[in-house]
Structure formats: C-alpha cells, structure tokens
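When you get a sec, could you build the whole thing from the sequences and use the hints?
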Amino acid sequence: MSDRSRLRLVVLRVVVVSILMTLLGRLAYLQIAEGDKYRAAAATNRIRAVITPAARGQVLDDRGKPLVSNRTALVVSVTRSLVRSQPERGKEVLARLSKIVGIPAAQISLLITPCGEKQKNGARAKAPNCWNGSPLQAVPIKSYSAINPVEVRRVLAIEEHAEDFPGVDARYAAVREYPQGSLAAHALGYLGPLSEEDLKKEKYKGRPSGALVGRAGVESVYDDRLRGVDGVQRLLVDKDATVTGTLGTVEARAGDNLVLSLDGDIQRVAERALAEGIAAARQRPDLKRSGNFPAPKGAAIVVDVRDGRIVAMASNPTYDPTVFVGGISTREYRALSNDTGQPLISNATQGLYAPGSTFKVVSTAAAVAAGNSLSGYYQCPSAFKVGNRLFRNFEGEQFGTINLTTTLVKSCDTVFYKFAYDQWKRDGGTKTRTGAAEVFPNMARSWGFGTDTGIDLPDERKGLITDRGYKQRFWDQTKAVKCKRAREGYPEEAKTDPARAAYLHQLAKEFCSDGYRYNAGDAALFAIGQGDVLVSPLQLTMAYAALANGGTLWEPRLAKGFLSADGKTYTALPSAKKGTLSSSRAVLDFMRVALTGVPMEGGTAQTAFRGWPHGQVQLAGKTGTADAFGKAPTSWFASFAPAGAPKYAIVVMVPEAGTGGTTAAPISRKIWDAMYGFGGKPPLLGPGGVLPATLPVVRPDGSIAPPGTRVPRAPVEVPPSPEPSASASPATGNKALGGVPGLPWSAPARRTSWGEK
Amino acid sequence: MSPVRLRPREISLRERALDRTSPLRQLDWVLLLAVTSLVSVGGLHVWSATREREIMLGLDPQAFLKKHIINAVIGMVLGTAAALVDYRALRAYAPFVYGASCLGLLAVLSPLGSVINGARSWIVLPAGFQIQPSEFAKLAIVVGMAMLLGEKRDGEDSPRDSDVLQVLGLCAIPMALIMLQPDFGTTMVFIFVILGVLAVAGAPARWVAGLLLAGIVVGGLVAPAVLKDYQLNRFRVVANPHVDPRGVGYNVNQARIAIGSGGMFGKGLFEGTQTQGRFIPEQQTDFVFTVAGEELGLVGAGGIILALGLVLWRGLGIATRATDPFGRLVAAGVVSWFTFQSFENIGMTLGIMPVTGLPLPFVSYGGSAMFANLMAVGLLQNVHLRSREL
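In order, the protein sequences belong to chains A and B.
Numbering (the numbering used here) for the first sequence: 754 to 1510.
Numbering (the numbering used here) for the second sequence: 13 to 402.
Treat the hints as calculated values from the structure; they're not laboratory data.
One side of the interface only, derived from the structure: several residues of chain B facing chain A at Cβ under 10 angstroms: (1) SER170; (2) GLY208; (3) VAL220; (4) GLN266; (5) ARG268; (6) GLN286; (7) PHE291; (8) ALA313; (9) PHE352; (10) PHE355; (11) ILE358; (12) LEU362; (13) ILE364.
None of the values given here were measured: they were computed from a predicted structure.
Beta carbons are placed, not taken as given, at the ideal position from N, Cα and C, and that holds for glycine.
Encoded structure:
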C-alpha cells in the first residue's frame, strides 16, 4: 500500500471518529441538557384538554328578574380534523351536512378552516370566514332553538345517523338569551369569542381560544365571576387525536348570578320616556334653524343618591344584544357601527356634551368659594361685557338685582359671567402665572368632572375641564397643525360649506396667535357650562347625587352582588366613595332649596312639571340648554327627589333638541311619575319610596325569588350589609325579611334547563 | 492450488470448519457481532414502532418484526455468499452487477416504478414485495470502482487522471438515474463513496479537493435552483425548526421531542409516549433512531452509535490490512457508504442534517437496504478472509 493511501485511510479514520463524536455529542445535548424541555413538549404533545364550558351566570335586576339568562340551543358543530380524515377530505360528509343545515358545503368548509391557514388559492383564511379557535376544537356551525320540534327532529338526524356524519355533532348547549329584549343593552353588554390576538393579553391568559367572553357592559367587567370554571377533561391522545386514556376530569362549575341595582321596570320606563321624548322633539320645529330638531340620540340616568347605585341607565338609540348570539356577522356589526346614531355607544357614559346651565350648581359653589356671599344680591343685566365682547343672557332676558336663588331658578347667565370674570382677573387675567387659584375649574374637578366616575362599565369617557395649565399644554401640542391652518385656511371645507370654512379659519387664526391664553371669555363661558367644558351625563348625574346627599361623591355602581348558582353564597358588593365635594354644607343646602323653585311656577322647568304634587314629593332640578355651533342646543335636565331627604337623582340629556325645559324635563317628569306612581299607575318604588336594598334569594330548586322572599332554608342568616362603606372588600350578607312572596314573574327560572341533553 | 492433497486422511466437515485456517475461524467476529446486535436491536425498534398501528388496524402486531427477521435471514445468506465467493469471480461479476443495477434504476423510472414519499424509487412486486434498486446500486459502484482502480500497474501506486475520469463516468450513469427519481440522499451517499474510494486509492489531491468542491457547489448552488420548495424546506429546517410546521418541520420537531424526552435511560421499550402515540411518520424506516432515543435513552441510542462505530472501525482495519488494492478499495467504499448514511440518518433525527429518505444501516426496516448492507458486510469479511489467507 502506498504511503498516500495509508495517510488517506488515517484521514478517513479521523473523519469517522469525528462524525461519531458529533452524533454522540448532539444526542447527549438533546437528551440530557435539553431533556426537560422535550419531556415537557412530549407531555403536551399527547395530552389534549377537552373543555366543557361552564354555564354562565345570569344577570338579574334588583328584584331578581333575569335581564340576561341562558337558553338551551341545539348547536351543530364540526371537528375539522375528524372530517378531513374521511375520504376526499370529508367532501361527502360536508355535502350531507349542507343539506341539513342549509349552508353550502363550501361555506362550511371555510367556516371550519383555522384563520391564517393557507388555502388552495394561496390566500390565507381571514376572519370572519374562518375559525378563530383551536384547530382541534369543534367549530359551531349553526344553532337551533331547542323548543322548535320540527327543527330539532331534522337536526337530530345527525346524531341518529352518526355513522354518516363523522366529526359532526349536534348537542344541546347553553347560549345567551335576553328575556327583556334590548332592555339595558348598553349596561349589560354582549359576548364575543376570544380571538388569537386576545389570548396574548394577560386578562385572558389560559383561556381556550374561541371561548365566549364579555365584550361590553357588565358582561365584560364581571366576566370572571359570571363565567364560572370550565370543566376540563385531560385526555391522552395519539397523533390522530384518538383517545387512549383519561388523566383526570375537573367538573364545570356554573358562574355566579350577577345582581344589578338596575331596576328592570324603571329602566323600561326610562327607555320609553327617552324614546318618546326624542320622538316628540323631532316633531317640534326649530325656530332658529330650518326644519325640526334632529334630536339624534339621548341618555337618561336614574341613580340612588344615597350610595351611588344605578337604578336605570338608558341610551338611545339602542341595539338588540341578540344579534351577537352565535357570532355576529361582519355585515351586521358594520351596520351597527356605521349607524349615524352609533347605537353601540352608550351616550350615558361615552357621550360628551357641554352641560350648559346644569353646570351652574358647580359655578355657584365656586363663586361662593371665591368670596361671593351666599345671601348677596347681584345684577342680572341682559348682557355683560367681558373684555371687548358682550356676553348675553338667554334670549336677552334681564331680571335686575336678584339673589342667588333667583339666579339659579331663572338661570341668569350674566351673574355667573361676572363671578367668573372677577375670579379670572384675580388670577392674573391673560397673564399665565403659576399659583392661580383656578377656583372654578378646581371646583368642577371636586364635583367629579374631568375624571372617570369609576362606574363598573368599560370605556367611560372623562370629559374636559380646562384651565390655564390645560390651555398651555394643549396649545403646545397642537400649535403646529393649527398654525398651518391659520396660514392656509380650509380650502376643502370651503367647497361644500364656505361659512363653516371661514369660521374654522377664524378659529385657527385665533388659536395660533392666542390659543395658549386663558381668556376672560373662556372663564365666563366655563361658568355657564359652555365653551370648552365637556361632561358625560353620568358625571353630571353623580355630581347632582352628591349635591343631593350632602356632599358625598359616589362611584356609580351597576352591580349590587352575586348569588352563587347553587344559592349557597351571597356576596354583596359595597359601593365606593369617590370623594367629597369641596363645598360647605351651607352652600349645598342652599342650592338644594333653591333648585326646588325650578320645577315650580316661574322656574325654567315649570311647564314640564305642571301638576306635579309638590306637596307630596318635593322635587329639585336644574335645566340646561347648551349651545353648540351650527346645531340646535343640547337639552338637559338634572333633578332629584324628595328635595328634603333626597333618594334618587335623574339626569336626562338630548342633544340638538332645544331647551332643557322643553325636551329633557318632560322626559324626566315621565320617569319620576312612574317611580312615585303619579301617572295613574302603581308606583315602581317600593314602600317608603325606595327600592329593595338586599339581594334576591335563590330557592332550593335553583329559581330566583325577589329580595325578602322567605325561602325554606335561608342559606345565610346574617344582618344586611351595613351602611355602604368605601371599603373594597366584598361583604357577604343577605337580608331575609318577611316580604311579599310570589310576585307575578317569580315563577321558577329556567336555569335548570342548562346543559341538559 | 495449495498442497492439501498431501494430507493422509479425509478431514471431517466438522474438523474442517474448526480448522485454524477455515473461514469460520478466520471471520471478523467482532464485526459480525456488532452487525448482528444492530440488526437485532433494529428488529425490536421496528416492532415497537409498528405494533400499535398494526393493532389499531386489526393486523398482526408482529408483522413488521417477522418481516424484519426474514429480511435479516435472507440478508445473512446473501452476505455469506458475498463473503465466500471467489475474489476473482467477484471481479468477473462486477460488470454484471453494475449492469443489473443500472437496468433496475432504469426500470423504476419506467411505468414499473412506484412513487413513495415523493421519489420514484421502488419497483412493487406481487405479494407485497418491493425492491429499491438504488440500494443495490451503492454496492455496484463500490465494486465497480474498486475494480477500475484496483488494476495494478507496474510502478504506479496511484490512479491516473484517465482512471479517475473512467470512475466518474462509471458512477455518472447510476447517479443520473437516481437524481431523476429524485433521491437526493442516495446521490449524496454516492458522492461520499466516490470521494472515499478515490482518496484511499491515492488519487491526486486536486481530484479529491475538486470533487469536494463540486459537491459543495452542487449542494449549495445547483440544488436550490433545481429542487422543489418542499425539498428545500428539508434543508431550511436544519437552520430553523419552525419552517414548514405541517410538512417536514413536523417530522423534525416530533423526532427531536421523541429523542429529547428519552433522557439518560429512556422510557423503556414499548413505553415511549411519542413512539406509541405514532407521532413520528416513517418511524420504522428513516426515523427508527427516534425509537432508540425515546425508549432506550442516551444509553441505548448511544450504544447504537458506538456499535455503528465499531462496524466502521473494523471496516477501516480491514481496508488497512487488505493485501491488494481491490480489497482495500472495496472496504474503503463500504466504510464511506455506511459512514455517510449513518451520519445523515442519525443527524437528521437529531436536527443537524437535512431530511432525506435514507435508512439507518442494519437498524431500519426495509428489505433492499438490509440485503445490500449485509452483502456489503459480506464483502468486508471476504476482504478480511483474503488478507488473512496470505
């Protein structure tokens, strides 16, 4: 053998040894160094969790009447992996299914395709024509009412001929039902499936994709308690998902029932009164503009001033939450979102408007805080000169020299202009200086404006309270854009609406040069709830509630407590204090008395409250008519009763609907009438003019009875939750007083029908 | 002929078999033992990988084990023949073996051939048999190359350029046919075998280096242009395990999970959750090493690597001790073949080599490969016996 061959053989030996060492090293690395990782992967590989959704808790009103419940539906679902393991990828199975459910096979095929998967045409499956959940989960295709025997028989053919429908099943399942239709839709919210995107969020960690979660309203805020605990069966499976064993089973636990302070009957009255009031406004001609008032939307809120609990909260226009059951189609959702009235938006918590004269309670408190006498007399001319501009009263009225009571009852703007102007001068006028007292804006903040109310609903809006600091910050942020507009104007706007373009151009010019200044005009307009001030109807409601209850600003609450599905646990949710008004008791008492004049003879709401039995229930209120450029004014009415010892406050707001006295006050009147039974019907408020303070009770059969019903075995006999406290810890308690058993609607609830097969 | 005729008495068959010079005594027993243990362990793994599926299909759970044993027995017979056949006869057969292989490779491309896993590599025979001619082609080119380069010329101990060209020409035909299937893995085995044989034959370094370079160029530049996307993914997945998660990435990830979860001592034969759950496709053939990794752990799977190492080491020893170039080149060719194929097969289950359809020598299930491998071992023994005789 040549030396070269010998050498080459040695090289070959080296190659062989190094290759073997490489393999051994890599093997040891995978098995020893990374062994734990792969052992974990191997475990998840073969364990599949099958999830039995827990029955979701009902949402009940204060008397235990279900606002959201569940009904049994027959749901047809398809497990894609099983269908596709059939010949021709289950073409025949889908064709047979198509005949039964009446959906084209191609459409079914799309619906069960996992989102993001590449399709035949190369495109990736996109929502809504794909399944957003786990590829192994059965995809619901269609749900049928379990009551309709014809449909049930047809669909059950799937189960009867299971051999013809591998991977398809028809099962009974609980779906959301709204026994009261669209009642309180904005407060209740709706459910929607979790998308892959949502699963990345901390809130939804560990939840199965495609699971239904609350998407709005209390369904969203109290999702944790309502949803219960899903049952999980951990199965050992092989590659084809064939079950080879069971590791363990966790039974599903039904979610708690949520009891709201919302009263279904008062809510219905409020919604109807609001809708009728809006309809009436649309019949009234707007004398300053052509045509009738548009009154496109509105809100009405009833709150218990003693603890901040919401009794009714209406927003118009509304929507029927049933459209979300079984998955809303893109077309339906778009229709709801694009509607000009924005029915998905709650005007009560998300609508922001200038409060107009209803804001004068804040201004009065601020004026007194600024040093003006509560018992003083003030000039009410028809106009007041602020700088070089004349600020006029509504329709140029003048009342001479008047006291503050008359100022509020007649809603004299000029008195407030002077209060604000004087304070503005004391604070240094246009000269931006630190240390300005800013009495008016700070008073507004103390009354809860410009901040979240803290209601248990998602996405409420803060509104806007401006002062010197705000103006400077805002100008710094926006001057670039606005100064460009000041130079160039609004040419695109000018094509369609030259007047508006000129107005906007003028505004931009003023803003660019002086926008950082807190002008006397700004301060004057602020005092009458105009200009930059924006509030939500809920904020105003809570402010009036605070005025009525003597100065406590409550966080508004919809939820009152939880009842466990088995009726064994009652959890009362305490209400929470947000703060205390920085106004003296005397000022508040004074205003409470002063506002009783508004709905009486000579007050701005006298027409709406003509015939109100002031002797029986004394009412206090304030109208508001907030101007908006180019539009009819926003109509407001804020009121509370009984004025001597207030229990409830109502705020009604209808934009583009004229004066507070003509639109909002009559709506409020209707609600008050129904609550106290002045409209010829029995009162909706219980004995003593109050609503039940305790939670409904669960009967042994699982049905729900109104608060105070005596049930054979009262679960927990503890005293009722004491005076509402600001503590956040949930108190447990139930008051089982002898009450009025068996109200008409208290027939056994349909809870027992959940999940049966 | 040797002067045995002078012996005075008849020697019994038993005595002859145990004689110091008899093939039975002279065999490389270590090599044989290593191969036998690999084949046996392979049988267990094939069994473990197929048992559950056969039960599910209502078939005989031992079907694959039985066929593996039958393959091994037939292979042993063929190997024995290859070990004992006259050396010169072997040379005489070489052109015939080569021609038959080429015809077989042509046949698979004809309508006789069947496509399995994307490659037209099989001829399906009646009664459930199928032949993979490319396995035999490996044997044919080893012998063919050894024959061409083993012709001793006076005063020359290394092949001339013309010899190298002849060899390349010889290999070009079966390689081209295999690439048409397309079978990338076997093509790579060919390249490695050619390199190994040429190198050991003492071919000029420029040829060895040039071939190496050509291999890299073909692999790096030509392959990406010619190969289909799914084939390229088999390369991409080495660098990035998340490529093609429903295709080749699935195999690679599942293989890694199975092996990685085996740990030091494994989960026990028939106890591997990934193996018994049938998560790994082609587990009894190309991915048989994952069974060893999962069920026998580092100890068992490492043992297989060491046993393969022993086979290669003995083969290299036989090549070194071979007394003539033909024997040395045959041994070197067989070693190169087993080296590359083992590396590629195990490497792909460990995620360091691209996925190809190469079985693990002796361990994987498959008749053609088993026959070819055991015949190659027979050739090693043949060379070994011959170097001892002289």
